[in-house]
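Enquirer: Take a look at the letters that make up each chain.
There are 4 protein chains.
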Amino acid sequence: MYGFISIKTSLIFDIIEHPYFQRLRYIKQLGMTHLVYPGALHTRFHHALGAMHLMQLAIEHLQNKGHTITLAETEAACIAILLHDIGHGPFSHALEHTIVQGISHEQIGKLLMAKINEDLDGKLALAMQIFNNTYKKKFLYQLIAGQLDLDRLDYLNRDSFFSGVTEGMVSSDRIIKLLNIKNGNLVVEEKGIYSIEKFLIARRLMYWQVYLHKTVIAAEQMLVKILNRARELANTGVELFATPIFKHFLYNKISHTDFYQQQVHLNNFVQLDDSDVMASIKVWCQHPDFILSTLCTSLTQRQLYKVEISNKQPDKHKIKALTQHIVQKFNISEDDSSYFIFTDTINNIAYNTTVGNINILMKNNDLQDITLASDNSFLDALAKSVTKNILCYTKI
Amino acid sequence: MYGFISIKTSLIFDIIEHPYFQRLRYIKQLGMTHLVYPGALHTRFHHALGAMHLMQLAIEHLQNKGHTITLAETEAACIAILLHDIGHGPFSHALEHTIVQGISHEQIGKLLMAKINEDLDGKLALAMQIFNNTYKKKFLYQLIAGQLDLDRLDYLNRDSFFSGVTEGMVSSDRIIKLLNIKNGNLVVEEKGIYSIEKFLIARRLMYWQVYLHKTVIAAEQMLVKILNRARELANTGVELFATPIFKHFLYNKISHTDFYQQQVHLNNFVQLDDSDVMASIKVWCQHPDFILSTLCTSLTQRQLYKVEISNKQPDKHKIKALTQHIVQKFNISEDDSSYFIFTDTINNIAYNTTVGNINILMKNNDLQDITLASDNSFLDALAKSVTKNILCYTKI
Amino acid sequence: MYGFISIKTSLIFDIIEHPYFQRLRYIKQLGMTHLVYPGALHTRFHHALGAMHLMQLAIEHLQNKGHTITLAETEAACIAILLHDIGHGPFSHALEHTIVQGISHEQIGKLLMAKINEDLDGKLALAMQIFNNTYKKKFLYQLIAGQLDLDRLDYLNRDSFFSGVTEGMVSSDRIIKLLNIKNGNLVVEEKGIYSIEKFLIARRLMYWQVYLHKTVIAAEQMLVKILNRARELANTGVELFATPIFKHFLYNKISHTDFYQQQVHLNNFVQLDDSDVMASIKVWCQHPDFILSTLCTSLTQRQLYKVEISNKQPDKHKIKALTQHIVQKFNISEDDSSYFIFTDTINNIAYNTTVGNINILMKNNDLQDITLASDNSFLDALAKSVTKNILCYTKI
Amino acid sequence: MYGFISIKTSLIFDIIEHPYFQRLRYIKQLGMTHLVYPGALHTRFHHALGAMHLMQLAIEHLQNKGHTITLAETEAACIAILLHDIGHGPFSHALEHTIVQGISHEQIGKLLMAKINEDLDGKLALAMQIFNNTYKKKFLYQLIAGQLDLDRLDYLNRDSFFSGVTEGMVSSDRIIKLLNIKNGNLVVEEKGIYSIEKFLIARRLMYWQVYLHKTVIAAEQMLVKILNRARELANTGVELFATPIFKHFLYNKISHTDFYQQQVHLNNFVQLDDSDVMASIKVWCQHPDFILSTLCTSLTQRQLYKVEISNKQPDKHKIKALTQHIVQKFNISEDDSSYFIFTDTINNIAYNTTVGNINILMKNNDLQDITLASDNSFLDALAKSVTKNILCYTKI
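First to last, the sequence lines map onto chains A, W, L and V. Counting along the first sequence from 1, when you hit position 57 you're at 56 in numbering that gives the first Met the number 0, and nothing is skipped either side. Counting along the second sequence from 1, when you hit position 302 you're at 301 in numbering that gives the first Met the number 0, and nothing is skipped either side. Counting along the third sequence from 1, when you hit position 44 you're at 43 in numbering that gives the first Met the number 0, and nothing is skipped either side. Counting along the fourth sequence from 1, when you hit position 345 you're at 344 in numbering that gives the first Met the number 0, and nothing is skipped either side.
So that you can see chain A by itself, here it is in the shape it has in the complex:
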C-alpha cells in the first residue's frame, strides 16, 4: 500500500525479528471478516508495520515545521506504535469473551512489551513511557492513541484496501501533512477540516459496512458460541481435540492474578494464533456433541446465522416462535437453544469525545474542537453514540 517501508534502526529490526512480533504474521487483523470480504486476510503484522511507517512520516513533517523531536524519541515513538497491538491474540474479540477472560489485550500487551524490553537490555524504556503516556511530550502519545491517531489512519486505509470497500479510504498523506503541535498537544491545521470530516464519515461507514456488517457479526458470533460450547464441554471433562496451547486455555480457568503470577499462561498465549483455532474447529466438526459439531460444520461451510439489525427491540413473538422451532427441530433443551438463537446490541460513535478531542489550529492561532471549527453542525451528530439491536438465529 505504501511502497517500501524502511526500518530505520537496528533496535527496531530486532523487535520485528522477535518471536512475539513474528507471531503477528499468523493473526488476521479482521478475524472472520474474510468470509464476507474475501480479500480481508491482512494480519496484525501488516498493520503494525504500516502504523510505524505513518509515524515516521508524521514525525518528519512535524520536524519540518520546526518542532524538536530527537532521534531517540523518534525511535521510541516508532517502537511504541509498532507494539501497540502486540497483546492481541487470534480472533481477539471472540477469545476475550470466552477462553481468555481473565485479562485484556491491553494488559497482555504491556506484559509482552516488558518481556521484549528485558530481552533487549532495557532499550524499550522510552517507548514504554510514551506508550503509557508518562512521557513529557504528550503529542507522541496522541500520535498512537487518540481520536485521530496513526493507528486509525492505518487501519482504516488497510481494512478498506484489503476488504475492497474503497469508500473507507482516508487521505492519510494529507492529514499527516496537516498535523501540528500547539501547547504540547497534537492538533490539525485549519485547512484540514474537510479532510477530518471525511475521515470521520469514512470511519462511520467502515463500522456499519465492514466491522459491524451483519454477516461479519454472524461469523464472529458463531465463533463465540463455538468457543463457549467448547469451554462448557471442557469444564465438564469432555475430551476435545486441540493443539496443546489451545487446550491450555480451554481446560484451565485462568484468573487475572494467575496471568500475572504464573509465567506458563503468557508463554502459551504468545504461541497461539489463528491456525490453532481453525485447525481445532475443523476437527470438532466430527465431535459427538451435537451442538459443537453443528456449529463447527456451519462455520466451516459458511452456513452462518441470519442476523437482523434494527433500531427497535426484536419482536418477542418472533423470538419465541423461532426458539420453539429450533428446540423441536434439533431436539435440544430451551437453554441450549441459545446457541442457535439469541439477541445482542452493537454500538458505534464516529467521534467519541469522551476519549479525547480533535483540535483544530485556526489561522488566527486559536484552538477549536472540530465540531465547532467546521462551518456545519453535522459533526455534532457524529459525536452521538448509535446503538442497534441484533437478532441472530440459525436458518433452518
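Think of the hints as simulated: they come from the structure by calculation, not from any bench. Incorrect hints may appear among the rest.
The list treats identical chains as one, so a pair stands whether inside a single copy or across any two.
EDC-like, lysine to aspartate or glutamate: derived pairs with alpha carbons at most 20 Å apart [what the hints assert, rightly or not]:
no. : residue 1 : residue 2
1   : K315      : D379
2   : K114      : D335
3   : K7        : E59
4   : K315      : E188
5   : K136      : D172
6   : K136      : E59
Chain A is already provided as a structure; the job is to place chains W, L and V on it using the hints.
Expert: Frame of chain A; chains W, L and V shown alone:
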C-alpha cells in the same frame, strides 16, 4: 479512469464525431483550476464520455433488476447525457458573466442539440424528450439531472482524479449498483445509505477544496476582470487583438433575442474554445491599456489575487486602506481600483433539497428521504446552504 | 482487484457453496511466499473466482466479434476454470513431494470434479468435457490451459498485486479484448503483439522475483524438509502431534491405486488446509527429535536457510566444509546433515512452445507464432529454458 | 501521480515561478497525441516537476548508500533536470521541422538556462555544469541524460498514466532504489536486472503503441503539413491570421546565427505556446487557400490521414493511383498533392548503446553491460534499431 469506454451504436458514434462535440476536446472542464492543481487539464469531452459510460452501467443494472428499458431508450438516455453540457463555452463561468451574457449555457445546449438533431435526420427526438423531462419514464431524466445523477458521479470522480484531491472520490460503482426504480422514480436501496452520506461529504469537500479553493477563485476572478476590461475597452472602440470569433463576442452586444434570431452568434459560439481566450490574453500583455496589460501579465505569470474567505463581512477599514494604496501605487481612479480589489460571496449546499430529493428504498419497501433514512441527523446540516464572504486584492 | 464479480447462474452458485470449493478459502495461493512479501496471503479461492471473471469477459468479447458461444457453453467454461485448481492441497508443491506422493493435484482435481458432478446431478458434464479437452470447441479449453490462458492472466496480476511486485502486472483487459478465434483456435490479433511481449517479460520477472525468489525457495525447502522428517519419524513409529486428517497422510503410505480404490483418502484430503500444517508445525517446535524441532522453530521464527543461486555448479569444497561444520555443531550424522545443507536446481521458460503456441492473427488474416510475428527476435530467447543451481544451508 | 512534490529551496521556487518555466504549463508533453488517447493532456510543466521529484528520491537513496552528495550538488542536480526540457516550444517536433528550423530545442534550452541564470544572479552555475557534463561527478549528469535517466523514468510513467496505456508503467520506485555509483558512474545493482528488462520492454511498447501509433503519426504529420503550407504562403506574401509572436516565426526566416545575435527571436519564442498554434489553425479553416483550409478543417474535426505502417516499401502503384485520384478530386497540381499523400520512415531502438550503457553492478562487484548481465540473450535484440515505412494519405 474506467478502462475502455465502448460506443454502442452508430448514431452515438456520429454524435461524437460531430464538430460541435469534437470542440469539447478543447474546453477544459475546470477552467483555470490547473493553476492550483496542475493535473486538472481534463476536458468536457472526457466528462461527457465518462457520464455516458456510467449511464450504460446504470441501465444495465436496472435492467438486471427487472426494469424494462428498451434499446431505443438506452441509446436516447446515453445521447442525452452525452450532450448534457454541450452548451458550455470555454471558461464558461467567466464568459457567462462577461462576454456572453445574453444567454445561458443550458439554452445554448438546447439550441445545439436541436441543430445536431437536424444534421442527423431527427434521430435525437427521444433523447431530447428525456433531456427536457417530457418523457414518461422520469427516472431516465433523473439519471441525468438530479441530486444523485450520473453527471455528478462522473465529475466528482474525474475532478478528484485529475486534480489529485483523491478525497473527493466517490464509489460510483457501488452507488450505481444500488440504484433502483420505485413508482417510476429513481431511488437508492437502503444498504446504500452510507455510500450516499459519503457522496454528499465528498461533494462538500470538493467544493471547498477545489471548486471554491481560494486560489482557484483568484484565477477565475482575474479572468472575469480581464474579460470585463476587454469588453469595456471594446465598447469604447479601442482596438484589441483577438481571433475573429472571439472578437465577435467582445465587440458585439448580443441580446437573448439576437441569439435566437441571428444564426451568426451560435455559429461563432461553437468555434470558440480555450485557445481563443488564452492566445488573446497573452497578446494583451503588451496592450497600452495599463489595467488590461497588468491583469493579463498577472494571470499569465500566475501572480494571482490574494483571496480571503470568511464567515464574516470583510473589514471595511482594511478595504479602504488597500484601495487607497492601490489607487496611489497604480495611479488609477478609485472606480478602476475595482479591477484590483473587490468583494464577493460564494455559496454551497451539499444536499440541495430544492432541486430534488435522494430517496431511499427501505427494506420494507417504503421510500424515505436520505435525511430521514440515515440513523444520524447530520445530513440535515448538509442540507443547509453555506455562504461565505470573499475579499480579493492584488498583492503589491 | 476487479470490482464486483458477478455469479451468473444458480449452478455456479451451488459449486461455489460446495464444501470442496469453500475449502479453497483456507489454502494460500503462494504458500510460504508471505514470509518474503507479507501481502501475499491471497488464496486459491480468490484466484478461482478471478479466473472465472476473466472467462466471462473473454467470452463476451468473443461473442461481440461474432463467434457463437451458447449460454450452456459459457456456464460450462466458467465452471471448468472455476474448478481448474480444485485438486490443490495446502502448500501443494511441498506436499506433493513429501506426504501426498501417490497422486498429482491434476488427478485429484478430476476426482473432485467428478464428485461435485455427482452431488449436482451430472450438471457438470459439459464443463468436464471442456476441461478434458474433449469438447469440439477447442478454444474453450485453450482459454483455460495454454500459453496465454485466463488462469495465467489472473494469477500473474493477482500475485503481483498482493505481493506488491507491481512490475508483474499485465494488461489483462487489453489482452482479453484482443483475443479472437481462427479455425477454431484461440488467437491474438496483431495489434496485441507488444502486449504479449510485455506479458511474457512480466511472467519471466515474476518467476525470478517472486516464485523463485531465493528467500521463497528457502521457506518452501524448509517446509519440504520438515515434512520429510515428520514422515521419516512417522514411518519408524515415533509419536507426532497432528490433526487427525493430517495424521492420516503422515502415517499412511498411500499409493496411486489406493487413492482411487479407497474413498477414505480423498475424504481426508478435502478437509486438509493450511491450518492443519501450520498448527502441527508449531507443536513440533517442542518435539524431542532434534532435527524436527530445530527446523520447525526456524520456520516459525523465520530463521530460513541461506540460498545461493548460480548458473554454475555449487563449489564442492564449500559444501564439504559447511557439511562438516554442521555435523560437528549439531552433533548429527552426515546423512542427517542433508536436512541442513543440500543442493537442487530451479528452472523456468517464459514461453514454453512444447505446451502450445501463442498465435497471432495478422492483419492479412494469416496466423503466425508470436516469435515470428514480432519485429524483433528477442522472443526466441524467451523460448529457451533457463536452469540455475541452488545451494541451501542453515546459517550457523 | 507521486502525491505531494516538495520544493526544497527558495532558488528552485524562484525558477519555477520564472515566466520561462511557467510557460511550460501551456505546452502539452505529447502534442496531438490526445486525439488518440484523450487523457494525454499533461504538459512539460508536469514532467519537469516529476523528474525533479525523482531526482530528489534518487539522491536520497544514493546518500543512504554512503555516497557524498552535498546540498549544493543536490539543488543543482534538481535544477538541471527541472530545466532539461526548457527549450521545447509547442508541438516541438512539428515546429522544429517547419517554422523554427534554425535552431534545436537543446540549443534554445541552453540559451534560456543562461538567461534564467542571469536573472537569478548566477546561481545556476553549478546546475549548468552538471547539465553540460563538465562537472566532475559524472553520475549527476547520467541521472539526467542516459539510457536509464530520471527523465525517461518520469516520462514513461507519466505518458502511460495519462494516455491510459498502463502497460508502459515502469517501477521507478524500485529502479531508483537499486541505483548505485561505481567508479564515479551510475550503475544498477544486480537484483535490478529484471526491472531493467521490463523497463526496456515498456519503453519499446510505448514507442509503438503511443509515440509512433499510426493515428498519432497522422495527427502530427497533418500539423507539419499545415505549418509547411502556412510558411509557404507567408513566404509568398499571402496574408495569414496569427498571434503576433506566431506571425514572427511564420513570416521571418531565422537562421541559427540570427537566433544567437538578435534577441527578438528568443523573446518571441518564450511566449509561444499551444494556444497560439491552435487558435490560428482554427482561423485558417476559413482561409481562401484550398490546401491550408482543407488541412486545418481536417485536423480540427479530427478527419486525419490514413496511415499504413510496414516493414516493406509502400507499393508504388498504389501511391501513384492514390495521387492521381487526389489530383483529380481536389483539382490540384501533382506537386501540391504531397500535402495529401506522402511517405516517410519511423525508427526506434529500445536500448541504444551508441548514447551510453546501462551498467549492472554484479554481486561480486564487477560491472557488466545489461545485455551481458542478463541470463537471457533477448536484450541483444532490443539493442537493434527497428525502422518502418509509413504511407500517409487523405481518405477521400
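Enquirer: If a hint holds in the structure, say so; if it doesn't, say that too.
Expert: Structure-based check of all given hints:
no. : hint        : result
1   : K315 / D379 : neither (34 Å within a copy, 34 Å between copies)
2   : K114 / D335 : neither (42 Å within a copy, 36 Å between copies)
3   : K7 / E59    : both (13 Å within a copy, 14 Å between copies)
4   : K315 / E188 : neither (51 Å within a copy, 28 Å between copies)
5   : K136 / D172 : neither (23 Å within a copy, 35 Å between copies)
6   : K136 / E59  : within (16 Å within a copy, 29 Å between copies)
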